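*Asks:* In case you want the letters, here they are:
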Amino acid sequence: MPEASAKPAGVPLGTQTTKTQQQKGKDKNSAGAQEAKAMRKAEKAARRAAKVSELGKSSTPPQEAIALARVQSQTKQSRAASGTSNAGSVGGGSSNSVVNATASSAISSLTAQSTAIHGSDILDKRVGLFKHLEITRRSGTADAAKDIHPAILALTLQFASYTVIGSSARCRATLRAFQTVIKDYRTPVGTTLSRNLTNHLSRQIDFLKTARPLSITMGNAIRWLKQEISVVSIDVSDDQARESLIEKIETYIRDKIEVADRVIVQSAVKHIGNGDVILAFSRSAVVEQVFLEANLRGIEFSVVVVDTRPFYEGKEMVRRLARAGLKCEYVLISGLSYVLNDITSVFLGAHAVLSNGQLYSRVGTALVAMSAKRKNIPVIVCCESIKFSNRVQLDSVTFNELGSPDDLMNISIDSAPKPGPLKNWRDLPNLKLLNILYDLTPPEYIKKIVTEVGSLPPSSVPVIIREYNSA
Amino acid sequence: MIKSASPRSVYDTDIMAPLETSPWTQPPDSGAAEGFDIVATYRKFLDEDPDMTMPVAAIESLVVLLSQTEPTTASELMDTLAKAVTELKRGVKNSISLSAGCDMFQRFVLRNIQEYGDWEACRRHLVKNGGLFLERAKASRYKIAELGLPFIQDDDTILIHSHSRAVTELLLLAARRHIRFRVYITESRPTGEGLSSAKTLRDNSIPARVIVDGAVGWAIQKVDKVFIGAEGVAESGGIINRIGTYQIAVLAKDSNKPLYVVAESHKFVRLFPLSPFDLPNESPNASTFTTEPEDDEIQSSPLLDFTSDNLITALITDIGVLTSSGVSEELIKMWYD
Amino acid sequence: MSTVGTHISKEKDLNTQIESFVAQIKRRQIQGSYNVALATAQLLLRVVSATRWTHIDQLITQIKMLGKRLQSAQPRELACGNIIRRVLSLIREESEDTNDSESGDGAANSPLITSMFSLLSANDEYDSSRMSQGFGDGTSRSIKKDLKPYIIEGIQELIDELRSIDESIAGMGVEMIHENETILTPTPNSRTVLKFLLRAAQKRKFTVLVVEVFPNDVEKTHEFALKLAGAGIETTVITDAMVYSIMGRVGKVILGTNAVLANGGLLASAGAAMICQCANVHRTPVVVCTGLYKLSPMYPFDIESLIEVGDTGKVLEFEDGSLVDKVNVVNPLYDYVPPESVDLCITNMGGYSPSFMYRLVLDHYRQEDVIL
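Chains as they are written, first to last, in our numbering: chain A, 1 to 471; chain B, 1 to 337; chain C, 1 to 372.
Calculated from the structure, these hints are not laboratory results. Some hints could be false.
[Stated by the list, open to error] Below, a list of computed lysine-lysine pairs in the DSS-like style, where the Cα atoms sit at most 27 Å apart:
1) C:Lys-314 x A:Lys-327
2) A:Lys-447 x A:Lys-373
3) B:Lys-253 x A:Lys-448
4) A:Lys-146 x A:Lys-183
5) A:Lys-418 x C:Lys-227
6) A:Lys-418 x C:Lys-314
[As the list claims (entries may be wrong)] With the C-beta cut set under 8 Å, the calculated list includes, among others, these residues of chain A facing chain B:
7) Arg-374
8) Lys-375
9) Asn-376
These numbers come from a predicted model, not from an experiment. Glycine is no exception: its CB is placed at the ideal position from the N, C-alpha and C atoms.
Let the sequences and hints guide you as you build the complete structure.
*Replies:* This is the structure in structure tokens:
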């Protein structure tokens, strides 16, 4: 039963709060009180945000509000409501982005706030190679300016707590929030919508960025939306303009994510045959749909899900696949070479595919692809063209996203956080914990990229980008 | 520009060097059996016993020579041997494998004489045990099979190339021990020896499939491991073997499939080729080009190639499962004190 | 009378000691190959002192039997068998030494000839004469010269060697690490690596990236990082998944291992194969630190059988029990690292290339003892 597995997120969060506070209290007494105050403020803001997004139900799917509620409040009803799983439906698979908030991310969002208070501390604790990257994690919305829309506040918190995770899901959630923002937008006197709405959105986006850097998909979508706004004719009434923008966003989500996913699934499923053993890494919404579709078609195959700390996204995937009746195996990445012998092909998702053919995806992807390549196992990447980026990059250091180092201190494998021997790691001047979220897989490890515009080798990525941008 | 490779004769000079400088090699003192035809003896041995390998046939021929000569000094003995060896190498096409046997034999006699001074006893021992060597050679194949047995597991798909007695022995033993496996065999053009391997295996109820040499790339994905025999094992641990071995090894490496060489230690030869062009050139036509059609083109295609040690996972020999440095150690131990 | 009595009680005592040792390794109460090796050597010391034999073959057979028992008690702890084989080779050596010096014709007995000559040599004759000779005066020989003190001395030396192993390996640290280098270690549960790094840190300033190797022994891993950082070494903990992204900045990969196999391959903690391969594609040297007692004469014929699988509860704990039977969770404890992934093995006997490990195997074990 889907409901049964819904994680009691509230309890561990509560215990962790006190633990973190105690721990911080040891560091600096004054910090504890300050933090508690910030926490209360954050919760209040979140509750406000949840209420608002519930009001705007017509355009905003309930999941976001619920997911938020899961993190922020602890009521039973909300948990039951969240059980409306749409794992089976092709389009809905990725919209159900409510990955159970892992306790570790809850810790990170809390401690990150406190570390932001002692800014000097965190500078010392940065890993040299990655000092150019900023940790922007936040958990409170108390400092938000008045014109930041509550839907954006809610989304920011969901991003920060990794409640909404995965680049398609984040893009979709952002666009949905923008729909609400546009709906509630009123052009101030003395200016036009096409001129002012872009600014208004930019302020919302800037706030979103304080949770996590924008994903490539979000960047592409925002660029598109701004373009659309700029061409809104002055002759159209504001109501009409808003209506049409909301409609366009809807179409965009449908075409670029939902339809694209369906096309990719239909194409990629052909690579699965009877008797295949397929390896997947972490969780990708579209890869998951490929497996479910192959299962629906009656193909006899099994899936090995390789997962990694600290998010354990693969758990969610294995849960969904097993529930659909698929034969699954689950292993952490350290056991990769043990399971690799029987694998017939590897399916990977993407955060982005860069113009030089490099795959930018969840950290660990490169190791999986490398090991597969070495065994001559074909690696297939499923990726919507919205994830294609103009950027070029050669290693995983120059550009990346830092997660909270405190996620590594938690050695638990389930929702109950368990700080290991490193819990006081900040006290040791020579000790650092590194938590980067992505890595770069070189094109030579990838056999094929399946997109909604066809299948291509990594070297053809710039071709698609050209076509896509000119369209 | 295409130029024909000029075969360097690493072979003759290198192998003979220690003998020429040794105190035992003195101006010939004729006394050898004049009428004895070493090449014919060698051929006769091979013809009579299909199980006999070239190095063993060479050794047996030299033993026969010893039994028919009455040398008066140690140096005369060595000289008689050296002459016969040269003659044999010259008289037989594809002499790498047999020269491994000759070299070892010469070295053995020399070392024994140096150590004990009693060359006559040594000669007597060799002559007396003539037939034993063949038995031992066969026994060493059986020992190899025993050592190699754990490499074969149930449900394996194995690829073998052409025909090798040591590989066949190993597979037959595995089948006798009730291991169930399948074998891909290359046809091995132009000799077609793969077909005879297939027959032997099938006669012993081992499921086999013969593929043309060009199909190895197609089959390699489904193969678990590759077993290859050897004509000669070079000092580097690389092997000289039937044509087509090198490309199979490259394909196996590309797919990360283990490639095991199965060979008796008396095939270790004091050669260090860097490429197939360092081997004695048996088919000079193959490196020339012509605009005219040629009738025996296929027949004059090269028969041997060289596979370097970095493509070989391990060598299964009668003296153990060796890495490439194990081979050079054995050769060094034999040639330098 | 009384001597016989004490002897029997001694044997009884010994048997209970063996029993308890077998039970201990069966239940994994002795952990880590070093501790197992040391305990095995100490047990053998007691066995040899308590056993009486009329012919050396009796002792050898007895120790072989013991080895067989220990091996079946814990087939994946290779250190046990390694020590047994070391001691067997030591006993054989002692007995041959005396044999040679007594018979006086040592030169004839050792046919000086390498194994390649086996085809031609007259080995058979020598062997048979030696065998008959051995059986003929075996009892008289052991009366003439008691080997026991020599064997005990040999085992004692072996124990001393074991105790000083980490020291001799650590001594090479300075030669391996240069100033300001970044070292990555995928086996943070190895005490050999810990000592190696700590010693090197006395002379060099460098950074260590500690890979977690989640989920097994993660507490130990984290404590390893704490110890390094505590000793003033710049230490960064990273997850297993991050290895590829950072490998380009790493100077050397230094790892410990559970066993070194005859082909130079390793049996190291899970994840090591992938990490070494990652180092290979980045052309980063891979260095293994290992005591000789980890060197096994085994060849990795069947890799899967060598790899122990651990508690799956450390990997996945479904809150929802109904999924447990649907998902097969795997938690391998070890990894087989092929020899071509390793650039250098640092042992207490010095540094060797993995392709040369076969020689150390031949030097320390007898062929006839490979199968106990």
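*Asks:* Work down the list of hints and note, for each, if the structure agrees.
*Replies:* A quick look at each hint next to the structure:
no.	hint	in the structure
1	C:Lys-314 x A:Lys-327	holds, 21 Å
2	A:Lys-447 x A:Lys-373	holds, 9 Å
3	B:Lys-253 x A:Lys-448	holds, 23 Å
4	A:Lys-146 x A:Lys-183	holds, 17 Å
5	A:Lys-418 x C:Lys-227	holds, 21 Å
6	A:Lys-418 x C:Lys-314	holds, 13 Å
7	Arg-374	holds, 6 Å
8	Lys-375	holds, 6 Å
9	Asn-376	holds, 5 Å
Checked against the numbered hints given earlier, this structure breaks none of them.
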